[in-house]
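Trainee: Chain by chain, the residues run as shown.
2 protein chains.
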Amino acid sequence: MGKKRKKGLLFVVSAPSGTGKTTLCRAMVRIFPELHYSISYTTRPPRPGDADGRDYYFVSPEVFQEMINRDEFAEWAEIYGYRYGTSRSLLERFSQEGRDVILDLDGQGARQMRNKDLQGIFIFLLPPSWAELKRRLTRRQTEGQKALKERLRMAKVEMAEARWYDYVIINDEIKKAEEQLQAIILSEHCRRERMAEALEEMLQGK
Amino acid sequence: MGKKRKKGLLFVVSAPSGTGKTTLCRAMVRIFPELHYSISYTTRPPRPGDADGRDYYFVSPEVFQEMINRDEFAEWAEIYGYRYGTSRSLLERFSQEGRDVILDLDGQGARQMRNKDLQGIFIFLLPPSWAELKRRLTRRQTEGQKALKERLRMAKVEMAEARWYDYVIINDEIKKAEEQLQAIILSEHCRRERMAEALEEMLQGK
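Sequence lines, in order, name chains H and S.
In this text, residue positions in the first sequence follow this note's numbering: the first is 9, and each later residue adds one.
In this text, residue positions in the second sequence follow this note's numbering: the first is 9, and each later residue adds one.
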């Protein structure tokens, strides 16, 4: 049929910390075995339990800087003094192979991604409520009142980014949020512009 | 919270005949018990097995004409000499009640619907291939070669309409097509513009 392989799609998931973003992305990889969960490069030192190549690719500030110089990042950002970046060539390779990629990014990184020709689909995950997010950050928090206040301020700045995303999911029940993200991934493949080739082929039928 | 009830969404499904549109729409009603399957008014006489109020609302040409005169249809069309129309007030009532409606319409009706302020989501269902559609129409067909040719011609005219729909589903396996339509219904509720109110509320949190 000479059919070209369909390009893979790029799903970018953002959320304020404490919203369950990573859990949700990992669940998608279980549901869609072909989906690739993209891992960032970071200059942040590994924490106990972190594995290189699973949680992040851990690199030195010097290596990271060289990668910037060689324009190897589709996006990169500095957060709390550490740098995080996504390899452009990895994303392009998966897209060409027809495999979808899911990526978790903060608003800063997501904005850079939107301005690229990568045509991501942007999904923002919200906590069930502001009160609940506050509760979670307080419970988790070990750094004193001032740091907590700063995290809450950051969470609100981050959440305001949701205004330009394609989709918003409220992570009220994890099962429901999973179903919704799964539905977004499935349905985006059915969008007319992505089915155009199959349609035109059928309209040629004799 | 003074939260307004979210409006229900309107899903319009089109397909050339023999594609399994009705089966698929009925499956959605089983999956989403709150979803309302909208029934058309028609001047076509009932066939054996047709039930008034389940398959169609069967009305006389005179009653249908009066409904047109009173502007009671969101859309109506004439197909093979019979008229089919969708009650506008029914659609509006469900939307206000926050209930989604699914509607099967031909391209003619769907186009009228798109030009209304009803903000439908348009889904086109394709057969697995042109050859397969031909096979199905031939098998089903009892009206001779000329009528078959006409049906095939109509099917192609109809399928060309898919070019302006929001989504295209290929009904290759019914289970897969069901999953895709279900995903579209779920994901459309997560679109940012429909979540804007929830987001702004959260951004007001103290």
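Keep in mind that the hints were calculated from the coordinates and are not lab data.
Keep in mind it's a predicted model, so treat the numbers as computed, not measured.
One or more hints might be untrue.
Unchecked claim - Calculated cross-link-like contacts (lysine-lysine; reagent style DSSO-like; alpha-carbon spacing at most 30 Å):
1. H:154 - S:214
2. S:154 - H:184
3. S:184 - S:29
4. S:15 - H:164
5. S:154 - H:14
6. H:214 - S:183
7. S:184 - H:183
8. H:124 - H:29
9. S:154 - H:214
10. H:184 - S:29
11. S:184 - H:164
Trainee: For the pair supplied as a hint, residue 154 (chain H) and residue 214 (chain S), is the alpha-carbon distance within the 30 Å limit?
Mentor: holds, 16 Å
Trainee: Between residue 184 (chain S) and residue 183 (chain H), is the straight-line Cα distance small enough, at 30 Å or below?
Mentor: Between residue 184 (chain S) and residue 183 (chain H) the Cα gap is close to 21 Å, so the pair holds against 30 Å.
Trainee: Hint check: residue 184 (chain S) vs residue 29 (chain S), CA-CA at most 30 Å. Holds or violated?
Mentor: holds, 14 Å
Trainee: For the pair supplied as a hint, residue 15 (chain S) and residue 164 (chain H), confirm whether the alpha-carbon distance does not exceed 30 Å.
Mentor: This hinted pair holds, its Cα atoms lying about 27 Å apart.
Trainee: Are the Cα atoms of residue 184 (chain S) and residue 164 (chain H) separated by 30 Å or less?
Mentor: It is violated: about 39 Å lies between the C-alpha atoms, which goes past 30 Å.
Trainee: Quickly compare the C-alpha distance for residue 154 (chain S) and residue 214 (chain H) to 30 Å and report which way the hint goes.
Mentor: Holds: residue 154 (chain S) and residue 214 (chain H) sit about 16 Å apart, inside 30 Å.
Trainee: CA of residue 214 (chain H) to CA of residue 183 (chain S), is that 30 Å or under?
Mentor: Distance ~28 Å between residue 214 (chain H) and residue 183 (chain S) Cα, so the pair holds.
Trainee: Take a quick look at whether residue 184 (chain H) and residue 29 (chain S) sit within 30 Å of each other, Cα to Cα.
Mentor: The hint holds at about 27 Å.
Trainee: Given the hint that residue 124 (chain H) pairs with residue 29 (chain H), does the C-alpha gap stay at or below 30 Å?
Mentor: holds, 23 Å
Trainee: Residue 154 (chain S) and residue 184 (chain H) were given as a pair; does the straight-line alpha-carbon distance stay at or below 30 Å?
Mentor: Not OK: residue 154 (chain S) and residue 184 (chain H) at ~51 Å, beyond 30 Å, violated.
Trainee: Taking only the CA atoms, is the gap from residue 154 (chain S) to residue 14 (chain H) under or equal to 30 Å?
Mentor: violated, 38 Å
This entry does not satisfy hints 2, 5 and 11, going by the numbered hints stated previously.
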